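Q: The task is to assemble the complex, starting from two chains supplied on their own in separate frames and drawing on the hints.
If you read the sequences in order, they're chains A and B. Residue 1 is where the first sequence starts when you use my numbering, and the numbers rise one by one after that. Residue 1001 is where the second sequence starts when you use my numbering, and the numbers rise one by one after that.
Hints listed in this document are in silico derivations from the structure and should not be mistaken for laboratory results. Hints are supplied without guarantee of correctness; some may be wrong.
Okay, derived cross-link-like pairs now, SDA-like style, lysine to any residue, Cα gap no bigger than 20 Å in a straight line [to be verified]:
#1 A:K467 / B:S1120
#2 A:K379 / B:V1061
#3 A:K145 / B:K1050
#4 A:K457 / B:V1158
#5 A:K379 / B:Q1157
#6 A:K457 / A:A442
#7 A:K379 / B:A1094
#8 A:K467 / B:T1071
#9 A:K379 / B:R1160
#10 A:K379 / B:T1071
#11 A:K467 / B:L1096
#12 A:K457 / B:A1065
#13 A:K379 / B:P1070
#14 A:K467 / B:Q1157
#15 A:K457 / B:R1160
#16 A:K467 / B:P1070
#17 A:K275 / A:K379
Examples of chain A residues lying across from chain B (beta carbon under 10 Å, computed) [to be verified]:
#18 T302
#19 T380
#20 P382
#21 E475
#22 A481
#23 A487
#24 T500
#25 F517
Only a predicted model underlies this, so the values are computations on that prediction, with no experimental measurement involved. Ideal placement from N, C-alpha and C gives every residue a C-beta, glycine not left out.
Below, each chain spelled out in residue letters.
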Amino acid sequence: MSWNYDRSSERIRDHLDNMGAIEVAPLSRDANLETLLTETRCREIRGAHVYVDVPNFSALVTGAAGGEMPLKRLAQAVHVYQREVARIVERVELFDGYHVHFQGTRLHALFFRPYEDEELPAKAALFQLVLRQFVRDVFNPVFPKVADFVVTGGAALGDVIGTKNGMRAERELLFIGRPANYAAKVLGSRGTLTITASVHEVLPNSLKRGCTETNRKGPDGGSVYELTTVTGEELDDLCDEFDIDWDVESSAERVEEDIDATPLSDIVVEDALVKMDLDTLSIRKNKLVTAASLFADVDGFTRYIDSAESDNEKEEALRVFHAIRREMSRVVRLDYDGLHVQFQGDRLQGLFHMPADELGAIVTRSVEAAVGLQSSMLKTLPLHVPAAAKLGLAIGIDVGDTFASKLGTRGQRDRICIGEPVDGAAAAQERQEGGIIALTAAAYAVLPEALQQHFTKDETTGDWIAKDLTAEKLERAAKAASYGGGAMGVHSSAAGAFVTRIVGGGRATNPARSFAF
Amino acid sequence: MPRIPRGRSHSSLPHRSPWFTRPGIRERIERDAEIVVSAYSGLALRLDEKAGTACLEGTLVHREAESAIPTPIALRIVLRDGYPRKEPLAYETAELFEHGNLDGHVLREGRLCLWLPTRSQWRGRDPEHSWSWQDRDALLRFVDQVLVFAERHLIWQVTRVWPGGESAHGSEGYIEYVHEILSCPVEQLLEFAVAFGESDGIDPYTTCPCGSGKKYRFCHREQVRALRRECGCIGPAAFEAYGSRASP
Ligand SMILES: [Zn+2]
Ligand SMILES: [Zn+2]
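Looking at chain B on its own, in the form it has when it is part of the complex (with noise of 0.2 Å):
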């Protein structure tokens, strides 16, 4: 079995409760984990004080159809400290998946890559999702998330073609992230690369790379400043990559 990571765990810290004792996080993630056992009674929670983990565990049996063939799924929905403001993250445990193949969007360890951080449905950012941690139910659609995803992998493994929308891997789909929301040509989206360094490489009083006319500080600076910080450090090496498939 993959060696699954525990978030921040306190077990090195013997004297100290686990973090899903303090006040108010244990009920909330009993309450979360309830409505979310009441539809998938194959998952159960399971609260570790002395590793200090949380996480809900079991089998969710997925069908194609109401009466089609029942498909088990072994899954382990890690909670972290933090939760719920922080995402929790999901994992199939039996390799009934393919760990590793990034094109079925399945980490070495199992771990389920639902969406680009910066999509996060669980943190609401993606434009097309209307919930978030905040919501009552968010552990429930979370998890009828990874019921979709598992799903789409399962179809995956016999099409080889990942149905729905997907980013691009690794920093390109940052970039490509970055692209949709400046939303403006090729060309100009590698001028603003420089500003995906270490530093903002933009000089502030030059005009603004989107050909506005406007200086850089006036204009797009903010918005690029908020992406930056959003996304992290993007190489000028992946800019040109993206930018050489993007005009060939």
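So here's chain A without its partners, still in its complex pose (with noise of 0.2 Å):
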């Protein structure tokens, strides 16, 4: 199977029939997310967004993927962390907040009332601080053989539009607008807590009182500012202060109990000999796998829906937004037999890893189907949602060892994929805009000559970009062999006209020797 216009087509087309009338409202009340939100029934929703990160753990991945003790380790290490942090973020007697999910060991959470609440900005700054403590004092003490981790952080405010995809086994909640895009962007250097000035403006004096404002320029182009050490004692009165029930000892506890619940003898960490089915893993089995991993973008996107104000608009917006993000999965999984790991936002994550170990053939079958989202997005996309014309597809690509696994125990589960081929693509993804395909040099380096010749060196980066490539340009080069043998056949209907190299049924046509004055 590969990408194919007509096919293509016609799934767009048959997903926006099928879809049904889209309906963007604000969220008016208390409610699950899960269960209210839909593809169709979409709501803005105000609050506050923070990605925090532990950036160290790619390069852990990497270091232990040798040795059987070190990997199980760092699986434990892994959900045991998610599993702590996600408490903080959820429990109703700490944060009440929503994990949206984990980026690999990112997590985006989101602080949020169906009324003005003004503890939201507040609690987007504790919670970094928490979380640097926790870290700190409970975490890398009980893993001392696994790294020193250091917590960064970034948080924004504002209004985003919450919706789901429609799959029902690989359900997620989607946000997609500046906010929550926002927050990832003003994550700073490492062990750095940050907040965008729209948080900073309304945060209470307690707070405020341990800021200061960097030299940086946030992505909404004002001030970003850092929050500065507390000590224990200041971090538990603040928690009195906004009733946040979290100290150091319960944390240990509860840390405790997870491993306790599973220890390393119980964990699994194995290669992939067939596809992995990212839905069956968990802390006592995960998979080391040789991958490419895919980010695709869409680029423009969240300047588009955030341009959109009537009701009609947004509504029209979320069509394009779920037409895209829905062909963007099936390219992956359906015409490249690829992993869809996770929509963030408007980005999805796709992962390949299959001929197991054949490193040529994996980044090939990741560069094709990053051919197939650019020929979607040009292609056939904008026939049924003219507006995709003005949008463009960034992907990224690297490839490498991949530590891949399932989050959670019940509830919203996160599929990640952790290693330093999930940061490079993610990376060549970011500094590229619509329309190119990225390739680290170690994704370009195991290309066949065949494919490598689309791709030129891009001196800024030093990663290997085409631009615009879709199927029909591989294609093309591929049909170059045909040619020199003869007579081939030329067949025409009102569909268009195409060449085959035998005649078959069509009208026999001996190539002319060309020739120019």
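A: Next comes the structure, spelled out in structure tokens:
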């Protein structure tokens, strides 16, 4: 199976025909987002978005790849970290927020209320401080052999639209709009906790006091503020002030319980000889594979949805969004037999690891999928959603050892991939604009020449890039070999004309010896 | 849009009817066009009596395979005074093709260089081909050849290598042709070069450059003169350049 124009066009049309009317309304009551939101029932949600990252995990995968014990310990650390962090976000007596998902080990959390709540910005700041303390005083001491982790965080405030993708087994809540992006983009250098001016402005004095203005400009053009260090006692006081019942001792107890429940002896990290089913993975069952990571981001989409003002415009933007993201996922899963890891807002994360351990073939498939994605974006999506013509896909690909698992126990569980190639692919994508496929040097190096010829080196980034590379260009390059072997078949109908290598049912035509004066 | 030469135009003679209204010609054009349009529905016949032009114009939708991405190609196939004996000319009119890049075999005004005139399939001169303008479906076969050409140009845009055979550009293409017909070593070919100047510069009573020992007049003269008529005048510099490339 590979990308095909007619099939792509038909499934986009079918999806849109069956989608039904989209409703976008402000979130007006306390509700479980997982049952409230659907593909067509979308809500505008005002809230504080927080991203928290522990960047060193990826390097550990590379370092641990050779040994069984380091890998098991790493798997245990990842899962235990996620469980306690998710509890801190979600428990009512703690931050009473929502963990959107983990992107690898990077958490996206959302604190929201269906009414104006001035404590939301305070939570967005305090949550980062609590996580810093948690990692330093609870997590690191429990996992001394793994690494000395450091927390990096960012927060932004504002309205996003919440929706859900349609697939039952892979259901994911999706939040699109600037604030969700800003929180990720305000993330600073390692170990810094940052907030945008929009959060800082409405911060209570007790927290504002602990902020310093940095010389960075935020993604919204405003100042970026950094939360400075607070002592343990100061943090306790802040938690009291905002009714957050978190302390080091109880947190440490919960972590110990998790470790006791899943000792290293119960944990398996193995390779995959057949295509993985990420949904069967868990703390007990993890995978380490040679894989190509692919990130495809809809460049310009956030701008597009934020410029929608009337309800009609918003609904149309959501329709466009669902058409694009559904098609992206189908190209990866159905056309190229890849894994859909997750959506990160309007960005798709995919993974390719078959045929097992065949580096060149794995990257080839991921690049072909990227070309399929560009083909949908440039050729078939605009037929059904004209607004897609103004958007573009930026795609990044990298390859190497990748740890894969599924986090959590119940409710929202996250498929995750961790490893330097995951970060590498994301970074390659983030450096590019719409229309570009960017390969890291490692991914480019293992490609067959037939595919390499479509890429040129981008001297500023070191990546290998191709612009507007769509399926017909690969087909053309492949078709060159059909010439020089005598008569070919010409076929024509109302749908178009094509030439086949053997005459078949076509009109025999001998390619002339071309000439120019 | 590039300017397209319109063939021999009669517009300067307002009282004369355009060439395609001569008895039988219009019928032949309309019949040929009908066959083409039944296969390529995006093309339509345009007869402009005022301007005296006849062409098939429109869009040919090319795909790499049956359900692959469609690429619309804007075409104009100009029928000239003298049609059907005289070969049509094909132009790409939306600059999807690289006009003026001879490696892509498209001239500056978008004209497609399908073949060396001496190898014209339309005139039934290509030994590998078995059709000519006299066939009922000649114009359709011509458009088929345009489609194949279009695909090759699109391949070339990706790979920068012209797929399938091509003749060298300019005079060299003709010399290549002459060389092939005479099928002799390069040194002998160069001796024939003087026959392609303003007049046949080989003395009819010297020994033929082919080395047969016969006099030129009774050996290759007729064949060479026929080639000279086909290819036109080719300067000695072009032969020299060809020679130095062929035997470095
Ligand atoms: Zn995006
Ligand atoms: Zn002779």
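Q: Does each hint fit the structure? Answer for all of them.
A: Tested hints:
1. A:K467 / B:S1120: Cα-Cα ~38 Å, so violated.
2. A:K379 / B:V1061: Distance of about 14 Å is within 20 Å: holds.
3. A:K145 / B:K1050: violated (90 Å)
4. A:K457 / B:V1158: holds (17 Å)
5. A:K379 / B:Q1157: holds (19 Å)
6. A:K457 / A:A442: Distance ~13 Å between K457 of chain A and A442 of chain A Cα, so the pair holds.
7. A:K379 / B:A1094: holds (19 Å)
8. A:K467 / B:T1071: Holds: K467 of chain A and T1071 of chain B sit about 18 Å apart, inside 20 Å.
9. A:K379 / B:R1160: violated (24 Å)
10. A:K379 / B:T1071: holds (10 Å)
11. A:K467 / B:L1096: It holds: about 17 Å lies between the C-alpha atoms, which stays within 20 Å.
12. A:K457 / B:A1065: violated (31 Å)
13. A:K379 / B:P1070: Distance ~9 Å between K379 of chain A and P1070 of chain B Cα, so the pair holds.
14. A:K467 / B:Q1157: holds (14 Å)
15. A:K457 / B:R1160: holds (18 Å)
16. A:K467 / B:P1070: holds (19 Å)
17. A:K275 / A:K379: violated (29 Å)
18. T302: Constraint on T302 of chain A not satisfied, violated at 28 Å.
19. T380: Hint on T380 of chain A: holds, closest Cβ of chain B at ~9 Å, below 10 Å.
20. P382: violated (12 Å)
21. E475: Hint holds; E475 of chain A Cβ to chain B Cβ min 4 Å, cut 10 Å.
22. A481: It holds, given that the least Cβ distance between A481 of chain A and chain B is near 8 Å, below 10 Å.
23. A487: holds (9 Å)
24. T500: Holds. Min distance 8 Å.
25. F517: holds (6 Å)
Consistency with the previously given hints fails for numbers 1, 3, 9, 12, 17, 18 and 20, ordered from lowest to highest.
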